[in-house]
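Q: With chain H held as given, fit chain S onto it using these hints.
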Amino acid sequence: MNSSVIVFPGSNCDRDIAVALEKLQFKNRMVWHKDSDLPKSDLIVIPGGFSYGDYLRSGAIAAKSNIINEVIKAANHGCLILGVCNGFQILIETGLLKGALLRNKNLKFLSKDVFVKVVKNDNKFCKKYKSGQIIKLNIAHNEGNYFINSENLKKLEDKNLIAFKYCNQKGEINEGSNPNGSLNNIAGIFNENKNILGMMPHPERMVDKTISSEDGINLFSSLLG
Amino acid sequence: MKITNKLVEEHGLKLEEYSKIKELLDREPNLLELGIFSAMWNEHCSYKSSKFHLKNLYTKNKNVIQGPGENAGVIDIGDGDAIVFKIESHNHPSFIEPYQGAATGVGGILRDVFTMGARPIALLNSIHFGSPENKKTRNLLHGVVSGIGGYGNCIGIPTVAGETKFNSTYNENILVNAMAVGHAKKDKIFYSKAKGIGKSVVYVGSKTGRDGIHGASMASAEFDENSEEKKPTVQVGDPFTEKLLMEACLELMKDNSIISIQDMGAAGLTSSSVEMAFKGDLGIELNLDKVPCREEGMSPYEMMLSESQERMLIILEKDKEDFAKKIFDKWDLDFVVIGKTTNTKKITLNYKQKIVADIPIDALSSKAPQYQRKWNKIKLSEKKINIKDLKKIKFEDSFLRIFSSSNQSNKNWITEQYDQMVMGDTIQRSGGDAAVIKIHNKDKAIAVTVDSSAKYSKSHPKTGGKQIVCESWRNLISVGAKPIAITNCLNFGNPENPEIMGEFAESILGIKEACEYLNYPVVSGNVSFYNGTNKKNIYPTPVIGGVGLVSKPIKKVNHILKGEENPVLIVGKTFGHLDQSTFFEEIYSINEGPPPEVNLLNEKNNGEFILYLIKSNLIKSAHDISAGGLIVALAEMCVGSNYGIKIEKPKRLSNIFEYFYGEDQGRYLIEIEKKNLEKVEKLSKKNNIFQEIIGFTQKNTFELKGELKINIKDLFNINNKWYYNY
Numbered sequence: 129m130n131s132s133v134i135v136f137p138g139s140n141c142d143r144d145i146a147v148a149l150e151k152l153q154f155k156n157r158m159v160w161h162k163d164s165d166l167p168k169s170d171l172i173v174i175p176g177g178f179s180y181g182d183y184l185r186s187g188a189i190a191a192k193s194n195i196i197n198e199v200i201k202a203a204n205h206g207c208l209i210l211g212v213c214n215g216f217q218i219l220i221e222t223g224l225l226k227g228a229l230l231r232n233k234n235l236k237f238l239s240k241d242v243f244v245k246v247v248k249n250d251n252k253f254c255k256k257y258k259s260g261q262i263i264k265l266n267i268a269h270n271e272g273n274y275f276i277n278s279e280n281l282k283k284l285e286d287k288n289l290i291a292f293k294y295c296n297q298k299g300e301i302n303e304g305s306n307p308n309g310s311l312n313n314i315a316g317i318f319n320e321n322k323n324i325l326g327m328m329p330h331p332e333r334m335v336d337k338t339i340s341s342e343d344g345i346n347l348f349s350s351l352l353g
Numbered sequence: 041m042k043i044t045n046k047l048v049e050e051h052g053l054k055l056e057e058y059s060k061i062k063e064l065l066d067r068e069p070n071l072l073e074l075g076i077f078s079a080m081w082n083e084h085c086s087y088k089s090s091k092f093h094l095k096n097l098y099t100k101n102k103n104v105i106q107g108p109g110e111n112a113g114v115i116d117i118g119d120g121d122a123i124v125f126k127i128e129s130h131n132h133p134s135f136i137e138p139y140q141g142a143a144t145g146v147g148g149i150l151r152d153v154f155t156m157g158a159r160p161i162a163l164l165n166s167i168h169f170g171s172p173e174n175k176k177t178r179n180l181l182h183g184v185v186s187g188i189g190g191y192g193n194c195i196g197i198p199t200v201a202g203e204t205k206f207n208s209t210y211n212e213n214i215l216v217n218a219m220a221v222g223h224a225k226k227d228k229i230f231y232s233k234a235k236g237i238g239k240s241v242v243y244v245g246s247k248t249g250r251d252g253i254h255g256a257s258m259a260s261a262e263f264d265e266n267s268e269e270k271k272p273t274v275q276v277g278d279p280f281t282e283k284l285l286m287e288a289c290l291e292l293m294k295d296n297s298i299i300s301i302q303d304m305g306a307a308g309l310t311s312s313s314v315e316m317a318f319k320g321d322l323g324i325e326l327n328l329d330k331v332p333c334r335e336e337g338m339s340p341y342e343m344m345l346s347e348s349q350e351r352m353l354i355i356l357e358k359d360k361e362d363f364a365k366k367i368f369d370k371w372d373l374d375f376v377v378i379g380k381t382t383n384t385k386k387i388t389l390n391y392k393q394k395i396v397a398d399i400p401i402d403a404l405s406s407k408a409p410q411y412q413r414k415w416n417k418i419k420l421s422e423k424k425i426n427i428k429d430l431k432k433i434k435f436e437d438s439f440l441r442i443f444s445s446s447n448q449s450n451k452n453w454i455t456e457q458y459d460q461m462v463m464g465d466t467i468q469r470s471g472g473d474a475a476v477i478k479i480h481n482k483d484k485a486i487a488v489t490v491d492s493s494a495k496y497s498k499s500h501p502k503t504g505g506k507q508i509v510c511e512s513w514r515n516l517i518s519v520g521a522k523p524i525a526i527t528n529c530l531n532f533g534n535p536e537n538p539e540i541m542g543e544f545a546e547s548i549l550g551i552k553e554a555c556e557y558l559n560y561p562v563v564s565g566n567v568s569f570y571n572g573t574n575k576k577n578i579y580p581t582p583v584i585g586g587v588g589l590v591s592k593p594i595k596k597v598n599h600i601l602k603g604e605e606n607p608v609l610i611v612g613k614t615f616g617h618l619d620q621s622t623f624f625e626e627i628y629s630i631n632e633g634p635p636p637e638v639n640l641l642n643e644k645n646n647g648e649f650i651l652y653l654i655k656s657n658l659i660k661s662a663h664d665i666s667a668g669g670l671i672v673a674l675a676e677m678c679v680g681s682n683y684g685i686k687i688e689k690p691k692r693l694s695n696i697f698e699y700f701y702g703e704d705q706g707r708y709l710i711e712i713e714k715k716n717l718e719k720v721e722k723l724s725k726k727n728n729i730f731q732e733i734i735g736f737t738q739k740n741t742f743e744l745k746g747e748l749k750i751n752i753k754d755l756f757n758i759n760n761k762w763y764y765n766y
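Sequences listed follow chains H and S, in order.
Counting from 129, one number per residue, gives the positions in the first sequence under our numbering.
Counting from 41, one number per residue, gives the positions in the second sequence under our numbering.
Just so you know, the hints here were simulated from the structure itself, not pulled from any lab data.
Treat the hints with care, as some may be off.
One side only, chain H facing chain S, incomplete, derived with CB under 7 Å [stated by the list, open to error]:
1. Gly181
2. Ala202
3. Lys264
4. Asn266
5. Ile339
On a predicted model such as this, the values are computed, not experimentally measured, just so you know.
The beta-carbon is built from N, C-alpha and C at its ideal position, and this holds for glycine as well.
Excised from the complex, chain H in its bound form (with noise of 0.2 Å):
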């Protein structure tokens, strides 16, 4: 598998997303957003961090570079994309995901281990999870709240686009398990072809057992086909 993964200047999970990447075996390239030319890739990574500093609005000026042209081309294609957190919010920014991510509801950065329901496994991106599976992984963001209007929110429903809820160890998934205010506590969702997934929380941050645990794993593993 041919994975790329987007360095904008202030992306800080570049790094991150590689070493999963490269653990799981995948032929991984590093590419800068000044490049127009997109390596052949089957799975593309937009990774987290502050890309231009996330002046003027989260994900907004990386929406509106070089290479996220090559990136929505691709998507259109079929190519496999993944945005955590920062990807997730220049996800939204491009519109190749629907809905917007807001302000945290504290209005306060926040950084915290939360469990996570994996909704379905009927997609390349969960299969090697269990439907309903609860997991564990880690947070960090100001602006993951997320919120889209009731018409489309049932389009997500109807359609199963729902990747992730936010939900507690037991798995109930109500306000007290929601970390940010997030719309029916939604910590992840799809396109309509279920090739691209944005998600707030960081697979990539929990996949050694001698760091802290490997939930995440399951979901680059997912992708190997």
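A: Frame of chain H, contents of chain S only:
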């Protein structure tokens, strides 16, 4: 412009210092030159009051690659790896403008570390505020915490450990100390010493603006009621640009094109260029027309004294300019050759085809004033308080009050605002005795901690200095690390006051004694004087940042209880020293008497014993006993665990408050498996270590027989609520 006495004083210089300037120049300086002298001769840059005492510190052993005097200290951790680290204060700016003050404090210390060729891998901080009841405290706390987070989170370096304390002594002068730790290859360390004549001096990074002019001079004076007016002297940070600057510098450092490199910190372009020339025994010539400026019409005076952030000065090898420029172009950063090294041993500034300043380098550095200020010895106070003379309180009530107090509360509210996991190597996060960070791609890790105990230092600075080095050592041991070296940030009041100077001198003697005994040298640091407002000085607050090595194979040890029916042992003797304790302060508002005694022999023996037990896989969890004494340490082991503990009162108990709240030093709590109890007891006997069983772990309940019984979920809430309610 005529230099008047008033102008001299406005530059923070004494009139006799101005006479010395005229003597050194053999003429009157112009305004620009006066500004440069004021920037280099202030306390912050010249260490004029502290140098004499800093010489006493223990700074060398076989692990030290670079001790104090460079941008940061460097230690050897084997296998060709080096750790580069330093702590620095940003107290004055943070009081005036908490968000930017704290943010640029983080930015500054990061530059000190990556300037030396290290990739920063961890950030720490020690922050001290006034009492929570003080009107300003809440705003300052919020601003400082979000400033620290705002910078570290954006640049993508995990903020992994710290301490936050409240005491009315900081009501009008908070402390914000930031520490950065980086990893480098031992044979790829970069220094600030210039070499060679006619080499290009290159300016890289952000443009120069009008922010932070005279910042270092501000940090060298006390505050008064007009301090608010100093807001424009606080710099504004841009972590995004710093991220670019860091990546560009580290990319350039892979090649052999840098002769020397220095960040533009306090006193900006002035101190960086003088520093490089001084260390290389050379001169430096700058063409100020070339300096990238943010605004039009900036004067040489403003350019030389600006403290705009995210800038570096580099001296390049011959013909490397184009190669280096490409890298900075890639990162969209300014890269301009602004001058060259010379053999004149002077700093010469040109502007619009005229020489606008011309000063011998030594006048700004080695010939800068040095003071041996008068200092008074400080007596150890005699013990005054007997617990039996105080109004009785129920043990449970005292515990609940202390465990939910501002100083003993869990700091989750703060640490959740910091990204602790970015870079993917954080093994142990905030909340334990020390944080543990894996060396990328290697089977070893470093442990880091930052500590202070101003109350002990106020009571007896020498003991306080000793104690805090020992506490740092214990915190590293408790996570299974061998302590290697420290960095110190010495926060004190006005050095012109002999009492304060006495606190300073004696603190250093205490730090030295402990460092020497434990073979735990100081490799970098910073002195911050004039922490006070209107003649009221803060408590002497030496802050120690410690680094230790967790060698392979990495064993994860922390303070959280791990199992059921495991014996919990207390290692080290309990005498019940209550003077200067949290108990006396929180319950009776008493701050008298001597601090607990520090016995270095016991510290060393107990620490080495714990480390041996960890290496031998005999420990399930370990915790240092510090402020709040035994009962607080035991409760902390239950917070975040699924297990509680059933504590037995020792048979020889004379007074329950003395036993459980006493702050005797050199003690640890360890949880072991029952099957290993006999083995551990034998080992401690053999090594002459005092230990006793304090209780056994159990499910769900924290319990001291006959005194208190609390569900661990409630215990968690008691410990966590303060910050969320503040």
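Q: Against chain S, with CB atoms and a cut of 7 Å, does the hint on alanine 202/H hold up?
A: 24 Å, violated
Q: Classify the hint on asparagine 266/H as holds or violated, based on whether any CB of chain S lies nearer than 7 Å to its CB.
A: 5 Å, holds
Q: Using the nearest Cβ pair, does glycine 181/H come within less than 7 Å of chain S?
A: Hint holds; glycine 181/H Cβ to chain S Cβ min 3 Å, cut 7 Å.
Q: Using Cβ atoms only, decide whether isoleucine 339/H comes closer than 7 Å to chain S, and label the hint accordingly.
A: Isoleucine 339/H check passes; min Cβ-Cβ to chain S is 5 Å, inside 7 Å.
Q: Should the interface hint for lysine 264/H be scored as holding, given a Cβ-Cβ cut-off of 7 Å against chain S?
A: Since chain S brings no Cβ nearer than about 12 Å to lysine 264/H, farther than 7 Å, the hint is violated.
Checked against the numbered hints given earlier, this structure breaks hints 2 and 3; the rest are met.
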